[in-house]
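Visitor: Assemble the whole structure, with the sequences as input and the hints as a guide.
Position 416 of the sequence shown, counting from 1, maps to 416 under full-length UniProt numbering, and the rest follow consecutively.
Wrong hints could be hidden among the right ones.
Cross-link-like lysine-lysine pairs, in silico, BS3-like; alpha carbons within 27 Å at most [stated by the list, open to error]:
hint, residue 1, residue 2
1, K296, K51
2, K104, K120
3, K140, K57
4, K379, K256
5, K120, K140
6, K388, K256
7, K120, K73
8, K159, K51
9, K153, K138
10, K159, K57
11, K379, K399
12, K283, K270
13, K159, K128
14, K384, K340
15, K388, K340
16, K153, K73
17, K138, K51
18, K73, K51
19, K160, K73
20, K270, K120
21, K388, K296
22, K296, K140
23, K120, K160
24, K138, K128
25, K153, K140
26, K256, K296
27, K128, K104
28, K128, K153
29, K153, K104
30, K140, K160
31, K388, K399
32, K73, K270
Calculated from the structure, these hints are not laboratory results. Please read all numbers here as calculations on a predicted model, not as lab measurements.
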Amino acid sequence: MLSSKITSSVCIFRRFHVAVMQRRNLHFFFVAGEPSGDVLGASLIRSLRSKHPAPLKVTGIGGPNMEREGLVKTADMDQLAVMGFLEVLPHVPRLYSLLRRTIKCIRESEPDFVVTVDSKGFNFRLIKALRREPRGSKTKIVHYVAPSMWAIKGEQREKKMFLSRNLDLLLVLFPFEQQYFSSFLRTVCTGPPVFELAAIRRRAMQAPVESTSSSLPPSKQQISDPVLLLLPGSRVQEVRQHLPILLEVVRSMGSKHCLQFRILTILSMKELVDNLVESRGLKESIQVITLLDVEKRIEHMRGCSAAVAVSGTVTLELAAADVPSVVIYRSNMFTQFLAKRLAAVEFISLPNLLLGQRLLPELLFGACNQDDIEHEACKLLFDKAERKCVLAGYSRVMKIACPRTTATCTNEEKFPEEQSPSMIAATAILQLQNESSTT
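Guide: See below:
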């Protein structure tokens, strides 16, 4: 009798303790180093606030979208927007200074969660340092966007060990990534940020696999001249490497075809883009548009006929918008040498990777030149058979990319906000908090 009363009292206390812990204020420290991470971080902050009953304190490194969701910045994310091998060398002293300041800030504020978003070069060094701290085992560490270990030759044993020892949770964007990482690490697939839009999730589950139409959708048929959309990247290095050659493509194609040209960029890149366009004497020939919100970007993309895009998550946005695309990427010779030596995959664009076959033309390194870009862009603009093939492939891409949690949805009434990537991510993170409350 006494034993049962004690057991009952313990259970009641545990339930009360869990309820109290679930309603207490939580402190999240975010680190996002580029525009795509800023978008992911902002959506996640919004969903965390929606799901957690108590107020949240959110500090860290991020951009304007995260600031709008209440992030109190300790540093600006522009300081982290560096990529490549040789390209990063001049910035090493500044990056290490920022790393030390960030570690100090986290040590002093003792957050409940550290959420790092992409930018693995900086973030993994931060995570390694934090786990050495006395409080390192108490703060939960979550990384959002998986490192592309599956794309590199070799077993990656050391990296797998690093992740399994130092992360409490890995949030990945695609089902094939979950299959890769879940064998040694707690992993949740959220789906890519394009699925924040319920209409896109609905389409991914309901659209037919094959498309029978090769013509432009109604929104594009209203345009007198076809529109070629240019997406030169979201980092300074990317824009400087790719936009000059894209402008030569504009000059050449504009002299041969009746076309409209648009550049879609982000606010922080607009001045650089405008300067490059003006220096080539093409200010009157190209419309420069700045949009970062995913819904607005896709809405604008839908009004375009074809695109030339630097490889990245934007290729999946173009798939969601049904815009056939040429994927390009250039870099210095050293980076090119390493990429060719270490790459374990045949493709770099997300649609091609998800399908495991060539759907979109990829012009990489030396193949990224004016003549080849123009040739492939013209095929996507004017060849109906080529367009039909790409659009049919896009339907398959969206089905594969759709997070499995939405796989049971079969009608419009079953696409709740809970199924969005940020809500899936927030649920997984708060589950960590609930579990720690019961131990």
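Visitor: For every hint, state whether the structure bears it out.
Guide: Hint by hint, here is what the structure shows:
Among the hinted pairs, K296 with K51 is consistent with the structure: their alpha-carbon atoms are about 25 Å apart, no more than 27 Å. Of the supplied pair hints, the one linking K104 and K120 holds, its CA atoms being roughly 19 Å apart against a limit of 27 Å. The suggested pairing of K140 with K57 holds, with an alpha-carbon distance near 15 Å, which does not exceed 27 Å. Distance restraint check for K379 and K256: the Cα-Cα separation of roughly 14 Å lies within the 27 Å cut-off, and the hinted pair is therefore satisfied.
With a C-alpha separation of about 17 Å, the suggested pairing of K120 with K140 holds against the 27 Å cut-off. Between K388 and K256 the alpha-carbon distance is near 24 Å, which keeps this suggested pair within the 27 Å criterion. Of the supplied pair hints, the one linking K120 and K73 holds, its CA atoms being roughly 19 Å apart against a limit of 27 Å. With a C-alpha separation of about 32 Å, the suggested pair K159 and K51 falls outside the 27 Å cut-off, and the hint is violated.
For the hint linking K153 to K138, the alpha-carbon distance of about 34 Å lies beyond 27 Å, and the restraint is violated. Between K159 and K57 the CA atoms are separated by roughly 31 Å; this puts the pair beyond 27 Å, and the hint is violated. Of the supplied pair hints, the one linking K379 and K399 holds, its CA atoms being roughly 25 Å apart against a limit of 27 Å. For the suggested pair K283 and K270, the alpha carbons sit about 13 Å apart, so the restraint of at most 27 Å is met.
A threshold of 27 Å between alpha carbons decides the hint, and for K159 with K128 the separation of about 12 Å falls inside it, so the pair holds. For the hint pairing K384 with K340, the CA-to-CA distance comes to about 33 Å; that exceeds 27 Å, so the pair is violated. For the hint linking K388 to K340, the alpha-carbon distance of about 31 Å lies beyond 27 Å, and the restraint is violated. Annotation: proposed proximity of K153 to K73 is violated, straight-line Cα distance about 37 Å (limit 27 Å).
In summary, the hint linking K138 to K51 is supported, as the alpha carbons are separated by about 22 Å, within the 27 Å threshold. In summary, the hint linking K73 to K51 is supported, as the alpha carbons are separated by about 23 Å, within the 27 Å threshold. As the CA atoms of K160 and K73 are separated by approximately 31 Å, the hinted pair breaks the 27 Å bound. Annotation: proposed proximity of K270 to K120 holds, straight-line Cα distance about 26 Å (limit 27 Å).
Simply put, K388 and K296 have alpha-carbon atoms about 25 Å apart, close enough for the 27 Å limit, and the pair holds. The hinted pair formed by K296 and K140 fails the criterion: a straight-line CA distance of about 34 Å is larger than 27 Å. With a C-alpha separation of about 14 Å, the suggested pairing of K120 with K160 holds against the 27 Å cut-off. With a CA separation close to 14 Å, the supplied pair K138 and K128 stays within the 27 Å bound.
A distance of roughly 30 Å separates the Cα atoms of K153 and K140; the hinted pair therefore is violated under the 27 Å criterion. A C-alpha spacing of about 31 Å is found between K256 and K296, which places the hinted pair above 27 Å, so the restraint is violated. Proximity of K128 to K104 is assessed by CA-CA distance (about 14 Å); at most 27 Å being required, the pair is judged to hold. Taking the CA atoms of K128 and K153, the gap is about 23 Å. The hint holds against a cut of 27 Å.
Distance restraint check for K153 and K104: the Cα-Cα separation of roughly 36 Å exceeds the 27 Å cut-off, and the hinted pair is therefore not satisfied. For the suggested pair K140 and K160, the alpha carbons sit about 18 Å apart, so the restraint of at most 27 Å is met. Our distance criterion of 27 Å between C-alpha atoms is met by K388 and K399, whose separation comes to about 17 Å. Restraint check: the Cα-Cα separation between K73 and K270 comes to about 23 Å, which is no more than 27 Å; the hinted pair holds.
Violated hints, listed in ascending order, are 8, 9, 10, 14, 15, 16, 19, 22, 25, 26 and 29; each of the other numbered hints is respected by the structure.
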